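Listed in order, the protein sequences are those of chains P and U.
Numbering that gives the first Met the number 0 puts the first sequence at residues 0 to 387.
Numbering that gives the first Met the number 0 puts the second sequence at residues 0 to 446.
These are computed hints drawn from the structure, not numbers from a lab.
Source: prediction; values computed, not measured.
Check each hint, because a few of them may be wrong.
If we take Cβ atoms under 7 angstroms as the criterion, some of the chain U residues that face chain P in the derived model are [to be verified]:
1) Gly87
2) Pro89
3) Thr90
4) His91
5) Leu92
6) Ala145
7) Gly147
8) Arg148
9) Val152
10) Pro160
11) Ala162
12) Phe190
13) Pro389
14) Trp390
15) Thr405
Pairs of lysine to any residue residues, derived as SDA-like cross-links and limited to a Cα-Cα distance of at most 25 angstroms, are as follows [as the list claims (entries may be wrong)]:
16) U:Lys21 <-> U:Glu59
17) P:Lys350 <-> U:Asp86
18) P:Lys138 <-> U:Glu166
19) P:Lys145 <-> U:Glu166
20) P:Lys86 <-> U:Val396
21) U:Lys266 <-> U:Asp253
22) P:Lys138 <-> U:Asp178
23) U:Lys165 <-> P:Lys350
24) U:Lys369 <-> U:Asn351
25) P:Lys138 <-> U:Met169
26) P:Lys146 <-> U:Gly171
27) P:Lys320 <-> U:Asp86
28) P:Lys350 <-> U:Glu109
All C-beta atoms in this analysis are idealised placements derived from N, C-alpha and C, irrespective of residue type, glycine included.
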Amino acid sequence: MPDKSKGLSRAREIYENRSHRARELKADGKKIIGYPCVYVPLEILTAFDLVPYRTYGDMKEPVTEADRALPTAFCPIMRSCLDCALKSRDDFLDGMVTAHSCDPQEKTSHVWESYTHYPYFHFLDVPGTVRPEALEYFKGQLSDFKKLLESFVGQELAPDKLKAAIELCNQQRALVRQLYELTKPSPPLISGTEIIEVIKALTSLPVSEGNELLAEVLGEVKERRDGPEKKPARLLVWTGTLDDVDIMQIIEGEANVVIDDNCCGLRAYRADVKLTDDPLHGLADYYLTEITCARTFREAVIGETSKDYAADLQSRFGYLKRLLREWNVNGVILLLVRYCDPFAFEMPGLKDYLDSLGMPSTYIEHDYTQGGLAPLRTRAEAFIETLH
Amino acid sequence: MTTEQKKRAIDRLESMRPLRAKVNESYLNSVEAMKAGKPTVWGMLNFYYGDPILKAMDLEVVYPENYGAALAATGVAQQYLDRSDADGFPTHLCGYSRASLGYTSRMMRELGGEIPPEAPLGGMPKPIFLMASTAVCDARYKWFQALGRYMDVPVWTFEAPIAGVKELFMEGSYQRMVDMGVKHLREFVAFVESVSGKKMDWDRLTETVDLMIEVNRIWHETSELRKARPCPMHSRDFWSSMPPALFLMGDLEDALQCYRDIYDEVKRRVDSHVGAISEEKYRLFFAELPPWHSLAFFDRLAERGWNFVIESFGYHPPIPLDLSGVNDPLERITRFSFEVFFGYYKDAQEQNVPAGSFAYPYLKYAEEWKCDGALLHPLISCRSASTHLPWVSNALVERLKVPSLTVEGDIVDLRLFDPEDAMAKAEPFEETMEHYRKVRKQEGFDW
Numbered sequence: 000m001p002d003k004s005k006g007l008s009r010a011r012e013i014y015e016n017r018s019h020r021a022r023e024l025k026a027d028g029k030k031i032i033g034y035p036c037v038y039v040p041l042e043i044l045t046a047f048d049l050v051p052y053r054t055y056g057d058m059k060e061p062v063t064e065a066d067r068a069l070p071t072a073f074c075p076i077m078r079s080c081l082d083c084a085l086k087s088r089d090d091f092l093d094g095m096v097t098a099h100s101c102d103p104q105e106k107t108s109h110v111w112e113s114y115t116h117y118p119y120f121h122f123l124d125v126p127g128t129v130r131p132e133a134l135e136y137f138k139g140q141l142s143d144f145k146k147l148l149e150s151f152v153g154q155e156l157a158p159d160k161l162k163a164a165i166e167l168c169n170q171q172r173a174l175v176r177q178l179y180e181l182t183k184p185s186p187p188l189i190s191g192t193e194i195i196e197v198i199k200a201l202t203s204l205p206v207s208e209g210n211e212l213l214a215e216v217l218g219e220v221k222e223r224r225d226g227p228e229k230k231p232a233r234l235l236v237w238t239g240t241l242d243d244v245d246i247m248q249i250i251e252g253e254a255n256v257v258i259d260d261n262c263c264g265l266r267a268y269r270a271d272v273k274l275t276d277d278p279l280h281g282l283a284d285y286y287l288t289e290i291t292c293a294r295t296f297r298e299a300v301i302g303e304t305s306k307d308y309a310a311d312l313q314s315r316f317g318y319l320k321r322l323l324r325e326w327n328v329n330g331v332i333l334l335l336v337r338y339c340d341p342f343a344f345e346m347p348g349l350k351d352y353l354d355s356l357g358m359p360s361t362y363i364e365h366d367y368t369q370g371g372l373a374p375l376r377t378r379a380e381a382f383i384e385t386l387h
Numbered sequence: 000m001t002t003e004q005k006k007r008a009i010d011r012l013e014s015m016r017p018l019r020a021k022v023n024e025s026y027l028n029s030v031e032a033m034k035a036g037k038p039t040v041w042g043m044l045n046f047y048y049g050d051p052i053l054k055a056m057d058l059e060v061v062y063p064e065n066y067g068a069a070l071a072a073t074g075v076a077q078q079y080l081d082r083s084d085a086d087g088f089p090t091h092l093c094g095y096s097r098a099s100l101g102y103t104s105r106m107m108r109e110l111g112g113e114i115p116p117e118a119p120l121g122g123m124p125k126p127i128f129l130m131a132s133t134a135v136c137d138a139r140y141k142w143f144q145a146l147g148r149y150m151d152v153p154v155w156t157f158e159a160p161i162a163g164v165k166e167l168f169m170e171g172s173y174q175r176m177v178d179m180g181v182k183h184l185r186e187f188v189a190f191v192e193s194v195s196g197k198k199m200d201w202d203r204l205t206e207t208v209d210l211m212i213e214v215n216r217i218w219h220e221t222s223e224l225r226k227a228r229p230c231p232m233h234s235r236d237f238w239s240s241m242p243p244a245l246f247l248m249g250d251l252e253d254a255l256q257c258y259r260d261i262y263d264e265v266k267r268r269v270d271s272h273v274g275a276i277s278e279e280k281y282r283l284f285f286a287e288l289p290p291w292h293s294l295a296f297f298d299r300l301a302e303r304g305w306n307f308v309i310e311s312f313g314y315h316p317p318i319p320l321d322l323s324g325v326n327d328p329l330e331r332i333t334r335f336s337f338e339v340f341f342g343y344y345k346d347a348q349e350q351n352v353p354a355g356s357f358a359y360p361y362l363k364y365a366e367e368w369k370c371d372g373a374l375l376h377p378l379i380s381c382r383s384a385s386t387h388l389p390w391v392s393n394a395l396v397e398r399l400k401v402p403s404l405t406v407e408g409d410i411v412d413l414r415l416f417d418p419e420d421a422m423a424k425a426e427p428f429e430e431t432m433e434h435y436r437k438v439r440k441q442e443g444f445d446w
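Work the whole structure out from these sequences, hints included.
Rendered as structure tokens:
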């Protein structure tokens with residue numbers, strides 16, 4: 000019998016009751032800071048000994064409260080996140096940090112701040128390009144973020160603390176990458192569904208506790224005999240946010256999801272923050288250039304004066320090629336959350352890129368509701384059948 | 000009532016017509032120049048950053064957003080929308096973008112780069128580059144990036160920083176934005192020189208920037224005159240007249256004279272208490288993008304005494320700011336462009352409103368233009384122009400006791416706007432406006 004207080008069982012328990020540990024920490028005097036997406040540098044929060052707590056939506060909770068604050072034809076994940084906040088799901092938070100990762104989040108941030116009363120609320124502007132002047136500007140944004148936190152906690156941040164936090168977060172990134180190594184065998188030793196549980200658990204814990212959990216999970220998974228069955232297809236799921244196991248279970252009904260590009264998956268862990276003399280420089284570079292969200296404008300050569308479509312696709316999606324090869328993927332699901340413009344505009348281009356690699360792919364859209372699962376199942380199963 | 004009489008429900012400005020004629024003329028001149036082989040740029044509405052530079056370098060610019068509206072208005076859009084869908088772009092994307100993706104697909108894949116014969120207004124020729132912007136919405140740069148599927152044309156994406164209200168006023172924050180903006184524009188000039196083979200005439204740029212600032216100052220002052228009761232100028236005249244100020248369309252010297260004429264006419268109306276409609280019963284603002292295909296709807300509301308006295312924050316010029324101490328034209332452009340979105344931030348901070356652009360300005364509009372109500376127009380396919388509207392609706396009632404009427408619609412798709420349904424809601428909304436008039440009076444508001 001697995002020890003339910005450890006490893007995968009503990010990850011599942013945290014997934015199902017995410018705020019439990021955060022509330023305990025709060026009772027012990029820790030300050031808990033919410034954030035809704037991977038563009039918020041956890042290193043800075045961690046360096047201040049604040050507990051970063053990612054606020055997700057809840058697909059199973061019908062949106063009601065957010066109806067008074069946001070239009071209905073709008074990013075369903077942002078609507079759900081705000082709905083949860085307005086229903087006081089995260090009433091233990093001491094603050095919230097949002098980012099300009101996309102237009103819906105930028106605009107929702109201000110609505111969110113209007114309707115809630117956290118002691119601390121910060122909006123982090125993130126440039127849209129990776130140009131040098133944008134990077135410099137973003138570094139300044141991170142500096143302001145740090146200054147406001149200094150004011151919030153009443154203490155200046157020593158550079159060595161920030162460096163230590165970067166190392167701690169990099170350790171987490173390395174551990175997550177080790178976890179994905181365990182999906183390389185056939186059958187994989189851990190399922191895509193379990194990975195979502197683990198990642199969601201990590202983002203509910205202080206980074207150091209998350210690293211302990213990851214070490215347990217890695218030990219358990221390497222030794223397990225009850226891993227996923229081998230399925231006829233090995234898939235990569237490319238999406239904005241896939242944070243609910245119900246969706247992943249549908250896809251994994253007939254396939255093994257062995258790798259993803261998902262902001263509740265590999266995306267925040269794919270690369271490390273470089274340890275630079277000025278830690279903010281390494282952080283700015285990582286968050287602006289290394290996170291592979293469709294929201295960032297990339298081009299083959301910065302400021303290029305001519306365009307080559309193949310080179311353009313390579314600059315935007317080239318990182319996927321290694322994932323497809325090393326994880327021996329034979330199909331890709333492009334999973335779009337309705338009304339997500341940055342990912343929606345990528346669909347034909349990414350399909351072109353995958354076609355150029357001879358990789359079958361399909362585009363499936365869902366609306367982040369339970370009611371949307373049945374059509375998703377039909378589409379996913381139909382695609383997987385074509386891969387047999 | 001005859002059609003002729005209905006048209007008179009709004010007393011349009013005479014001075015708007017020559018300006019409008021110049022806009023149309025300059026559009027046709029552009030089309031002719033482009034057809035003759037003059038280099039063309041496709042631009043996104045970018046709130047001034049790149050426009051004065053292209054103007055000073057004598058490059059023709061077409062705006063696919065505007066052209067999307069033209070495709071809709073002329074009934075040609077549907078085939079391009081279908082083509083965009085068939086090419087795999089999701090159907091819930093911005094209607095303008097879908098129309099232009101479909102247009103470009105047809106032009107490049109079927110016609111080898113020739114302008115489609117069915118294209119209205121001379122069409123849009125293949126550009127030498129695409130000028131995108133991160134301002135306001137993600138589509139504004141993702142759409143142009145997606146056009147790379149059809150055209151091997153470089154894309155310049157303008158950074159449009161958008162700090163939060165309290166974050167903007169952190170020490171050094173604004174200056175960092177300015178530093179980025181100036182450097183960015185300098186790089187842009189080098190980019191344009193490289194792509195177009197033209198050299199920047201810096202004296203001409205200085206003149207262009209000065210004209211841009213002056214045109215927009217006059218245009219802003221004209222809106223200030225609309226605070227008069229009755230309001231002398233209707234939103235329809237604002238929308239008809241805005242292209243030279245917003246896009247720097249046509250000859251700016253001519254435009255400046257036209258705007259001065261408009262200002263003078265509006266001032267005369269104020270002095271003689273002449274309103275834009277015959278009997279101003281209700282003063283309203285409109286947010287955000289109007290149903291371009293159904294503007295006659297406003298004439299019907301005018302017949303009921305509804306005067307639209309201010310509108311569309313995103314189309315308004317920045318609040319004038321003193322740039323006399325700034326000599327570098329690139330810095331002048333940068334600061335001027337920032338003012339579009341940051342102009343109300345100080346007020347917003349004082350009023351403890353985190354949404355300093357788009358949302359907060361409507362509270363100012365309602366208060367300063369003494370509005371009885373607001374007509375809010377959320378759009379299915381332009382979510383960025385709709386996100387703030389529920390907040391605006393709530394804040395108006397809570398803070399100022401001003402009610403709003405929400406009528407859903409779209410900028411391109413006619414089927415999503417039902418003017419009859421909207422008219423059916425108008426009468427009961429008048430009762431609501433009457434009620435809140437009394438509430439405001441009881442609570443000590445001055446209108």
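Verification of the hints:
1. Gly87: 4 angstroms, holds
2. Pro89: This interface hint holds because 4 angstroms falls under the 7 angstroms limit.
3. Thr90: This hint is violated: U:Thr90 lies away from chain P, its Cβ roughly 9 angstroms from the closest one there, beyond 7 angstroms.
4. His91: 6 angstroms, holds
5. Leu92: OK, holds: U:Leu92 within 7 angstroms of chain P, min 6 angstroms.
6. Ala145: 5 angstroms, holds
7. Gly147: 5 angstroms, holds
8. Arg148: 6 angstroms, holds
9. Val152: 6 angstroms, holds
10. Pro160: 6 angstroms, holds
11. Ala162: For U:Ala162, the interface hint holds, since the closest Cβ of chain P sits about 5 angstroms away, which is under 7 angstroms.
12. Phe190: Holds - the Cβ of U:Phe190 comes within 7 angstroms of chain P, reaching about 6 angstroms at its closest.
13. Pro389: 6 angstroms, holds
14. Trp390: 5 angstroms, holds
15. Thr405: With a minimum Cβ separation of about 9 angstroms from chain P (threshold 7 angstroms), the hint on U:Thr405 is violated.
16. U:Lys21 <-> U:Glu59: At roughly 16 angstroms apart (the allowed maximum being 25 angstroms), U:Glu59 and U:Lys21 satisfy the hint.
17. P:Lys350 <-> U:Asp86: Since the Cα atoms of P:Lys350 and U:Asp86 sit roughly 11 angstroms apart, the hinted pair holds (cutoff 25 angstroms).
18. P:Lys138 <-> U:Glu166: Holds, at about 14 angstroms.
19. P:Lys145 <-> U:Glu166: 12 angstroms, holds
20. P:Lys86 <-> U:Val396: 23 angstroms, holds
21. U:Lys266 <-> U:Asp253: 20 angstroms, holds
22. P:Lys138 <-> U:Asp178: 13 angstroms, holds
23. U:Lys165 <-> P:Lys350: 42 angstroms, violated
24. U:Lys369 <-> U:Asn351: With a Cα-Cα distance of about 21 angstroms, the restraint between U:Lys369 and U:Asn351 holds, given a limit of 25 angstroms.
25. P:Lys138 <-> U:Met169: 14 angstroms, holds
26. P:Lys146 <-> U:Gly171: Cα-Cα ~12 angstroms, so holds.
27. P:Lys320 <-> U:Asp86: 23 angstroms, holds
28. P:Lys350 <-> U:Glu109: 21 angstroms, holds
Consistency with the previously given hints fails for numbers 3, 15 and 23, ordered from lowest to highest.
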